[in-house]
Amino acid sequence: MTSIGTGYDLSNSVFSPDGRNFQVEYAVKAVENGGTAIGIRCKDGVVLAVEKIVTSKLLKAGANKRIASVDRHVGIVSAGLVPDGRHFVSRARDEASSWRSTYKGPIPTSALANRLGGYVQAYTLYSSVRPFGITAIVGGWDSEAELPVDGQVGTGPKSGSGGKVEGAKAGGPGLYMIEPSGLYWGYYGAATGKGRQTAKAELEKLDLSAGNLSLVDGVKEAARIIYVAHEDSKDKDFELEMTWISSVDGPTKGRHEEVPKELFDEAEKAAKQSMVGDDEEEEEKTQGEQMEE
Amino acid sequence: MNHFPEAWGRPRNDVYGAYDHSYLQTTGPKAHTSSPAVTGTSVVGVKFNGGVAIATDNLASYGSLARFSDVKRLRTFGDKAIVGFGGDVSDMQYLDRLLASMDINENYSPRGNMLNAKNLHTYLAKVFYKRRSEFNPLWNHVLVAGFDGEGEPFLSSADLLGTTFSAPHLATGFGAHLAVPILRRKFPEGMPLEEISQEDAVQALKDCLKVLFYRDARSIDKYSIAVVTKDGIDLKEDEQIQGQSWAFAERIKGYGAQTV
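Chains as they are written, first to last, in UniProt numbering: chain C, 1 to 293; chain G, 1 to 260.
Mixed in with the good hints there might be a few duds.
[Stated by the list, open to error] As a list, the in silico BS3-like pairs of lysine-lysine whose alpha-carbon atoms are at most 27 Å apart: (1) C:K104 - G:K126; (2) C:K253 - G:K230; (3) G:K210 - C:K104; (4) G:K210 - C:K158; (5) C:K261 - G:K236; (6) C:K220 - C:K272; (7) G:K130 - C:K253; (8) G:K230 - C:K158; (9) C:K158 - G:K126; (10) G:K206 - C:K104.
[Stated by the list, open to error] Listed next, with one range per pair, are the computed distances between beta-carbon atoms: (11) C:N114 - G:Q25: 29 to 35 Å; (12) G:A37 - C:V14: 27 to 33 Å; (13) G:L235 - C:D265: 47 to 53 Å; (14) C:K169 - G:D234: 30 to 36 Å; (15) C:T155 - G:K230: 46 to 52 Å; (16) C:L125 - G:K230: 38 to 44 Å.
Bear in mind the hints are in silico, worked out from the structure with no lab data behind them. Ideal placement from N, C-alpha and C gives every residue a C-beta, glycine not left out.
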């Protein structure tokens, strides 16, 4: 960053001569120190997971959740400044409820990501505010079933098409990542925070675009990836937090919920075991190399 | 010149004189909805050993016209409470959306929806009372069924004035006159709840709905029935009144073009 110290980084919304907004880049630095957060878009649902660094032994285990629900069908996890994340979630809930009051139905994940992207971007435009110090992962399931309008009481005539197209497919999983600049993309697998590089490498191995990974396997992979990504900051204690959203005929019935204890424990146990396994392999390798010598 | 925002876009007083408020006056006081339009009739509910059963028919009437015949008047709230709505259907839809948004807000916490039927009933009664105090009532009479804070079966009513009333069996609308006497005969005062089985309660509701269909001209023979127990809600929305016998109608005289 050669232009640092030239004065273009002192105010928000000011470009440097080579076209950069330094305040936004500094916000990205805040994100890079946060606990790793990931999202996986599986064929029948979405998994969100976060590595929650335990900053004090006096904190109650399992309390202070970092993944929040928005409406019934969307979850948000973020890496970076936790209070910024909370405000972001609060805005997302307002957007979802205002969508409901206008359209009498749940907000599509894509529309929510769009509105949140716009909101975050606005915080790069004014000198009176600073950008969000978070990168947020928004995961949701848009119902594939034909939903009644909120408050609907009847179904109307049984005969006639009613303007409906036969066999039209709707809904499905959605996963978006929103950065401090307001930039957002849709992803098959998203990772942010301290261990993002490791996590991204692991996510790429899953070949998610093929659409073969099931939700339950996704939960196990998510747990494993958080554990693998934690290797870099091994000296710190952490808690794993995981939520999921399945299809309407799946285990959560299209709702965003915590992963049930049984499956969570199974996934976490497998993740810990895989770490031990890796270590042993490495040890064996080094031993083998020594033998050769 | 007056630069204050309230003067923007208005004719200048110094040029045109002060605005005469006697123009554009509505006649009489501001009037809110003072009568319901599309209405549902009775809701009937009975407590039994381990839960509550509640039923309504599926009709929404427009005056005396049977306008909508597949209207779901039992609305679930969370997984252990149910509200049966009588009265205005659009106000029911408003309340349904209100309750849906409350349910969403409750579920932001990972513990899920912690409001039980008793809390819900208190809330609804306060909403009704607030609206009637604003002379803008929600034209409904509801039964709330579920469990209270101690896990005991709960059944209570709230009406458009915010009046609340609780009993082991309840009915709104025409049912308050026709169904309650039947229920009181089946389940007399002092009969402990433990002696009323789920089957008895459901059968009693079906009997009441049949009588209501015979005698209430704003009813229909399609109905919804829900049973709330510790295991959750069993809601059936497309039922048909069975075993109708209109033989008694032969003896009814004095209507239409009859001469004898």
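Cross-check of the supplied hints:
Under the criterion of a C-alpha separation no larger than 27 Å, the hint pairing K104 (chain C) with K126 (chain G) is consistent with the structure, at around 24 Å. Restraint check for K253 (chain C) and K230 (chain G): satisfied, since their Cα atoms lie roughly 21 Å apart, inside the 27 Å limit. Pair hint K210 (chain G) plus K104 (chain C) does not hold up; C-alpha atoms about 35 Å apart against a cutoff of 27 Å. Restraint check for K210 (chain G) and K158 (chain C): the C-alpha separation of about 25 Å stays at or below 27 Å, so the hint holds.
With a C-alpha separation of about 32 Å, the suggested pairing of K261 (chain C) with K236 (chain G) is violated against the 27 Å cut-off. Between K220 (chain C) and K272 (chain C) the CA atoms are separated by roughly 11 Å; this keeps the pair inside 27 Å, and the hint holds. Only pairs whose Cα atoms come within 27 Å are accepted, and K130 (chain G) paired with K253 (chain C) is rejected, the gap being roughly 36 Å. Between K230 (chain G) and K158 (chain C), the direct Cα distance comes to roughly 35 Å. Violation of the 27 Å bound is thereby established for this hinted pair.
With a C-alpha separation of about 38 Å, the suggested pair K158 (chain C) and K126 (chain G) falls outside the 27 Å cut-off, and the hint is violated. In summary, the hint linking K206 (chain G) to K104 (chain C) is not supported, as the alpha carbons are separated by about 34 Å, beyond the 27 Å threshold. Checking the proposed 29 to 35 Å range against N114 (chain C) and Q25 (chain G) shows it is violated: the Cβ atoms sit about 46 Å from each other. Separation of A37 (chain G) from V14 (chain C) is about 59 Å and departs from the stated range, judged on CB atoms against 27 to 33 Å.
Distance hint check for L235 (chain G) and D265 (chain C): the Cβ-Cβ separation is about 34 Å, which falls outside the suggested range of 47 to 53 Å. Look at K169 (chain C) against D234 (chain G): about 32 Å separates their beta carbons, and that is inside 30 to 36 Å. Distance hint check for T155 (chain C) and K230 (chain G): the Cβ-Cβ separation is about 31 Å, which falls outside the suggested range of 46 to 52 Å. Under the hint 38 to 44 Å, the C-beta atoms of L125 (chain C) and K230 (chain G), about 54 Å apart, miss the expected range.
When the structure is compared with the earlier hints, violations turn up for hints 3, 5, 7, 8, 9, 10, 11, 12, 13, 15 and 16 and for no others.
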